Amino acid sequence: MKRAALINRATLTSRGICAVLLLAALPSAPLLTSSAQNTEQVAKASLKVGDTAPDFTLLSDQWKTVKLSDFRGKKNVFLAVYVLAFTGG
Amino acid sequence: MDSPAANAAFAKQINVKFPLLSDMNKKMLTAYGILKGYDVQSESYQWAQRANIVIDKNGIVQHVEEGDSAVNPNNALSVCTDLHKKQTAK
Chain A
1 MKRAALINRA TLTSRGICAV LLLAALPSAP LLTSSAQNTE QVAKASLKVG
51 DTAPDFTLLS DQWKTVKLSD FRGKKNVFLA VYVLAFTGG
Chain B
1 MDSPAANAAF AKQINVKFPL LSDMNKKMLT AYGILKGYDV QSESYQWAQR
51 ANIVIDKNGI VQHVEEGDSA VNPNNALSVC TDLHKKQTAK
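Protein sequence lines correspond, in order, to chains A and B. Going by the numbering used here, the first sequence opens with residue 1, and the numbers climb by one from there. Going by the numbering used here, the second sequence opens with residue 1, and the numbers climb by one from there.
Because the hints were derived from the structure by calculation, they are not lab data. Because the structure is a prediction, the values reported are computed rather than measured. Careful: at least some of the hints might be erroneous.
[As the list claims (entries may be wrong)] With a cut-off of at most 20 Å between alpha-carbon atoms, the simulated SDA-like pairs for lysine to any residue come out as follows:
no.	chain 1	residue 1	chain 2	residue 2
1	B	K17	A	S60
2	A	K67	B	K57
3	B	K26	B	K36
Construct the entire structure; sequences and hints are all you get.
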């Protein structure tokens, strides 16, 4: 399932339809258990359709900086935030 | 957050051709509102939401999907395809 999704994206990129950026995020928190007392807080208002996407500069796996604004006027960007990507699940 | 080195190992393992990015200082996750805070036994932790976001050529957000449904990229992919069709039709 996960692999199929990644291949889909790779296919899309190779067709040049949009740039695909994947942000692999490993949570810095332990897995939450039902016994844990947790309160969820929203860090900031979520992004909505029609908003201007905040620019970002991030390091790629090739240690190159990737800026959202580099794609401005050139490519649509598909940004996937993939939590726990590098796990066996 | 995964470091660029961890992402490089992952990219090699699954053989992807697009960049895997690291948000080590959580700036982007915070700006996009997908970093959530949790308190577990009086300790605070921060955790990213799974999310698919499509941003068009003009930097405008065209699609946002957060949480478990964002595991499936198909909605975001169809937004990309529709955008591309609209842009090339002009």
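- Task: Please flag the earlier hints that this structure goes against, numbers listed from lowest up.
- Result: none
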